[in-house]
Structure formats: C-alpha cells, structure tokens
Amino acid sequence: MKTYDVLIIGSGAAGGMAAWVLARGGADCLLLEAGPLFDYEKQRVMKAVYELPYRGFNRPGRFPHITQASEFDANLWADEKQNPYSYPPGDPFYWVRIRAVGGKTLRWGRASWRLSDYEFKGKDHDGYGENWPISLADLAPYYDRVEPMFRVSGRNEGLPQLPDGKLIVDESRDSLSVQRFIAACKKRNIPTTKPRRATGTLASSYNLLLPEALESGNLTITPNAVVREITLDPKTGLANGAAFVDRRSKREYQVSAKIVVLAASTLESTRILLNSKSPRFPTGLANSSGVLGHFLVDQFYVKNTVVAVVPEARGGRGGRTLMGGGGYVPRFRNLDRKEKDYIRGWAWDFGSGFTPPAKYLPLYGEELQKQLADLAGTGFALTTMGEALARKENHVRIHPTLKDEWGIPCLHITQKYGDNEFRMAQDAMETAVELCREAGFEILAQHAQMVPPGESIHELGTCRMGHNPKTSVLNAWNQAHDVKNLFVVDGSCFVSAGVQNPTLTILALSMRASEYILDQKKKGLL
Amino acid sequence: MRRRRVLQAITAFPAFRAPAQYLSPGQAAEETPKLRETAPDGVAQPKTRFLRPDQLAAFRNLAEILVPKGPDRPSAVEAGAVEFLDFLLSQSSPERQALFKNGLDVLNNQSQKRFGKPFAQLTSAEAKPLLEPLTRPWTYHPPQDPQERFLREAKEDLLLATANSKPFADAMSKRSRAAAGLGAYWLPFD
Ligand SMILES: Cc1cc2nc3c(=O)[nH]c(=O)nc-3n(C[C@H](O)[C@H](O)[C@H](O)COP(=O)(O)OP(=O)(O)OC[C@H]3O[C@@H](n4cnc5c(N)ncnc54)[C@H](O)[C@@H]3O)c2cc1C
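So the protein sequences, as listed, match chains A and B.
Each residue of the first sequence is one higher than the last, beginning at 1 in the numbering used here.
Each residue of the second sequence is one higher than the last, beginning at 1001 in the numbering used here.
It is possible that some hints are incorrect.
[Unchecked claim] Below 16 Å or equal to it, Euclidean Cα-Cα: the simulated EDC-like pairs (lysine to aspartate or glutamate) are:
id, chain 1, residue 1, chain 2, residue 2
1, A, K42, B, D1041
2, A, K235, A, D482
3, A, K340, A, D126
4, A, K2, A, D28
5, A, K250, A, D404
6, A, K258, A, D427
7, B, K1069, A, E366
8, A, K359, B, D1190
9, A, K359, B, D1086
10, A, K359, B, E1153
11, B, K1128, A, E367
12, A, K484, A, D126
13, B, K1034, A, E41
14, A, K81, A, D404
15, B, K1113, B, E1126
16, A, K277, A, D336
17, A, K403, A, E229
18, A, K47, B, D1041
19, A, K338, A, D126
20, A, K250, B, D1190
21, B, K1128, A, E366
22, A, K392, A, E130
23, A, K47, B, E1037
24, A, K121, A, D336
25, B, K1117, B, D1105
26, B, K1128, B, E1064
27, A, K359, B, E1132
28, A, K338, A, D144
29, B, K1101, B, D1086
30, A, K338, A, E312
31, A, K47, B, D1170
32, A, K166, A, D144
33, B, K1101, B, E1148
34, A, K250, A, D233
35, A, K303, A, D427
36, A, K370, B, E1148
37, B, K1069, A, E41
No lab work stands behind these hints: they were computed from the structure.
Using the sequences provided together with the hints, build the complete structure.
And the structure:
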C-alpha cells in the first residue's frame, strides 16, 4: 500500500480546510471521515410534519443531549447509543456531533466573528490563564481569506474587541424596534452591530472546500472510516499513519502517511490522541506535558435571557417597518477598565419579529389563542453567550470500560461552570432587562439559567497551543511539540474561548497550519 | 423538463390514475416516477393503548379546554392530539409516563371531590379552579409541584401535537401555503 504525503482525519471545517490547502498545494492527501457521504439530492425528501412517525416530536429518548435535533434531521446527528460518552452524575455535558462528510458544518448557524487580542492576549489584559502563542496580527491574513470564501456578510464597526473583516457589507435598514434597542444601547455606550454570517445555500466544507480539493486530483476521501488511533514509528518517534475501522463492516485497516493532520473536532481529536498510547507516550500521543484533555472551555449560553413584547406591534400592527431583523452586541465589559465582580465578558444575539411562545403566557384555551393572535410578530429576545474560563479541572479522559460500537474507548467529560460565569449571566440578564425597558418593550420573561456545558456546540480546548512544551500540547503552528509531523487543527487547540462563535477561527487556524506544512515540506523540514 | 412535467402530473391527480393517463408504456419503462404516499394517520383511526379509559376521557376534556376549536383552526381533539400523545407516552420515559398518569388521576380525584363527577364531565368554567396552576407565571425550571408541572407539559404537548397535525395544516394552507409545516426530511443511511 502506498504512503500518503498527508493523512487528514475529519472532514468538517478544520479537515475540509486542511484538504483544500494541502491538496491544492500539491500534497497527496487521504481524508478519513467516520461518517457517510450524504447525497444532498437523494438523501432528502420534502415531507409535511404530520407525515413523520412522531409528528415532529422525535422518538422519545433518541437524543437526550441534542436539543437541536428535530425529527426532520434526526438521521443526520450522531447516534448516542453507538457513540456513547459519560459525565459525572449531576453534571451533564451535552455533546452535539454530526458524523458525516462535512461534519457539523452541514448544520451550523454560520455566525462568523474574529477573535481579538482581548482573547489571544487575555492574560496580558487581566492576568488570568494563558496567552495564545499567536496574536490577531498572525491570524488576520487568514481571516482575510476565509471570510470571502464563506461569503460572510456583516458590518465593520472598528471595534478592537470585534476586529473588522472582509465582509459583504450588510446595508439593510434596521426595523424600528431594532433601532429603539440600538438607541437604548447607545445611551450607555454599548456597541451594536449587524449579524455577521456566512451566506449561500449551504456554507459547508461539503460544498465550499472539498469539491475544489478533489478537483486538484490530490485528494482521496474515504468515508465510513472510524479512526481508532494514530500510530507511531518507534524508531523515529514520528507518526506514521492511523488504524481505522470500517463503520459498516467493522473491518480493521492500517494506513500509512508521512504527516498526520488531526481534525476530528475538539473532543474527538483529543479522544483519538488519548487512545493512541505507546511506550513512549503511555498517557496519550504527544502528551509529555500531561495537559492533553485539560482546559476544556466553551461559551455558556443563556437562551432567551429576556423575551419581550413591542407593545406598538400588538394586534397585527407590527409590519416590516416596526418589527423584524436583529443584531449583535459584542463584549463590552472589562475592556478599558475592570468592571463588575467578574473578569472577561459576554455578548448578545438579539432578534425581533417572532411570536412569543405559548409557554411564556400564563393562560390557556380561548384566552391563550386570543393573546397569541394579539402578540403575533411582536417578540423581541436576546440570547447571552459568555466566556467560560479555562480551568484545568474541566477535562476529558478515557473511560475505563465504556466503548463505542466499534470497540473504541469513549470519553468521560467533566465541565462545570463557576462563579465567574454565574455572575456574568446574572449581569447579562439584568442589563438586558434594563435596556429592553428603556427601549419601551414589555418584559414577558427573564432568566439567567445557562444551558448545560456543551449545548452551545462551541466546545474548545483540551489540546491547547502554547510556546511552552511543559504547559501546552501544540506550538504556534498547531504542530505537536512532541511529534513534529503531527498537527491538530480543530478547536481543541484553543487556549481560551472568548465569546465569539469559533468556526471562523478554526478555519483560519487550519488554513494557516496547512500552509505552514506545505512550506516546511518545501524546505525539507517535514 | 419532461420529467418535471410528469411529476407535476402525478402529484396533481390520484397516483393510480396518473401513469395510465400521462405515461405511455414506453415512457413508464424509462421514467422512475415518485408515487404519492399517505401516512397511516390519514387513512386509519389510531388505537389508544397507554392511558386507562378514565384517564383518556379526562385527557380528552383537558385537551378540549386547553386547545379549543377556533374560527379557522381545529381543536386538539379534532387534531387527534389526544390519541397521538397517548401513543407518544407509551414510548416515553417511566418518569414522564407517571407524570401524565398521576396528573390525570389527580384531576379526576379533585373533580370527584368538588363536583361529584369525573373531570371528563366538567365544563370549562367548572374546570377553572383545577387548572389554576396554569395561570402562574412562567419559570425557567419546571415547577416543583408535580400537578403544575403536568399541566404545563400537557399544555405544551397538546399545542404542538395540534399544530403539527394534518387537520391543522389543512386549515392553515387555506390561509397561506407556507404554513403547512413542510420540511426537508433526511432519509436514514446504512
Ligand atoms: C446547530 C449548530 C449550529 C452551529 N452554529 C454555529 C455558528 O453559528 N457559528 C460557529 O462558529 N459555529 C457554529 N457551530 C459549530 C460549528 O459547526 C463547529 O465549530 C465546526 O463545525 C467545527 O469544525 P470541526 O472540523 O472542528 O468539527 P466538525 O465539523 O464536527 O467535523 C469533524 C469531523 O470529524 C469526523 N470524525 C470524528 N471522529 C472521527 C474519527 N474517529 N475518525 C474519523 N473521522 C472522525 C466527524 O465525523 C466530523 O465529520 C454550530 C454547530 C451546530 C451543530
């Protein structure tokens, strides 16, 4: 069997971008993907919700941890019985996975923000945690290229905490309700901006990255290949390929490669490394630091922190001028000075023009229906996304006995939010209530309860970057300190979470690391 | 183009007539038309098998009171929401099954005590004090009181089971095409 130049594991944002750069750059690449290759034309049919066996409720108990799964797309999400994991009793972690070519980019919400030096150099700013080994200046040229590829629309504001991008400028007019909220924010010097989102019918590695990578003639995609471990050449101490199992037949294979790029998503990549044990790395590949698996972070979400009603829109008087649209409030706490009783900050997504759900109304019967009719299209809501601090005790490890359908040891995941996060959530709720009142909205519901860790689908860290091989797994190029032909290019490399949705940064980091690989190969250094 | 016309023809008429009328035997051999199908809900009465008859009767009245018929929409009962939820409960967790069974038993007991008749026979006005927990403000966490929790969940489920029913879709599609609850369904893969 031949030896590939590069083995890429995973085909989502990170793996798709690695394939796009490396294959087009002339490297002979093999991409292994655990899930199937869907045919968008043949795999989907239009159905009415009443035709589904469970009327849109989904089969009870099918997805205890995937609140995003609907009965329409249930077959797309990773089956939790085939792919189990565990967590400490009472501290659930909601692990949301899609195992298919394209990964979670088949379903992502496309919000695309850059990180700033408030994240990359967070320790310099407030003394907490670690700095990243890179700064915005290092990553900006890659953001500059990723945004146009994903056709990100939005509006530049010149804010240091929300770096400007190469955007399709969103010049749409804000509805009056949105204008009122923005005016309330302005009075307090709270910045706002348009949503920043990848556009197009599908903004996935499936359509934007993999087709061009295949066109180069240098990429082979093998779906249904569940990687068990990365193998190590005991003589050289370098990675020499991977062992994988065919998803359907459970047949075992070994593949050889000169360079391995791991992009199986944050926790799956770390799981593969922890499962890749050898006499040289008894606690997991590239884990001489002992940091592998630790410093799991994400963004805590308080969904619908505040749900309000725009009174002037009642009784069907809303219309497009008053209602509709939305925006984003970037982090504004603890930037120029220390504020409040916590460090770091949070952001809001806000939207206008929906009908408030019946659960918020303490009514039933005809009265409820009348209220719902009166409130149709009057809703204004904010969701809070806050930075969960990096803490060593938030970690993943291999479960001693639990195995998946393919006999691969599973993860035990421990993540808890702490006081800093709780204080942020409380402040976010109180501030949201004040702003909505100032804008003249009626508050229907308010709360500061975070969804369980993981549910934001922004799990990050556990294989972090850093200059120091004693406190990090990867260097500034996503290259393992311990194994120089091993790269980990997904969200597991994050040092801190920030409040920004992470995929744009994952794409930019993967692009940067992949170009570095080409460069090092050219120089004969890899 | 020709294929699209054939498909339109098939969906516009009952499936068994379309091929005979629009496809010559030669064409039929070449084309792979999409045949129209109907879900079992549309052709048969679903059997109930989870709740006891007295619980089912109470649930039916609760459904009628919580989601009554409107000028342009069906009631939960007309939408078959009760039979559907009976089925859904039969496959739900033991905790959820107990929540609903106990909740309906409590309604029946309260009704017997107050009015000397089962909940199924109460008018909407009579049921009001028993449904008082539904007029308490929303809280993020489910209420501690199991009866309040049952009533909240029953309200949510009845509303959704009604909105996702064929009678509701039929009523809505008279108003607008978009409201018919259509979505892209992902087929299972091997
Ligand atoms: C509903 C939803 C909304 C979201 N919204 C946003 C948003 O608005 N903005 C944002 O920034 N992010 C969003 N995200 C998150 C975003 O999708 C992820 O950050 C992104 O896809 C991560 O890319 P990735 O390549 O690291 O992982 P993935 O996209 O998950 O891809 C990893 C791939 O690796 C494969 N794999 C895993 N294990 C193995 C193995 N052992 N062997 C072989 N292959 C393996 C998986 O099957 C998968 O295809 C959202 C996600 C979801 C599901």
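Legend entry - Structure-inconsistent hints, enumerated in ascending order: Result: hints 1, 6, 8, 9, 12, 16, 28, 30, 34, 36 and 37 break, sorted rising.
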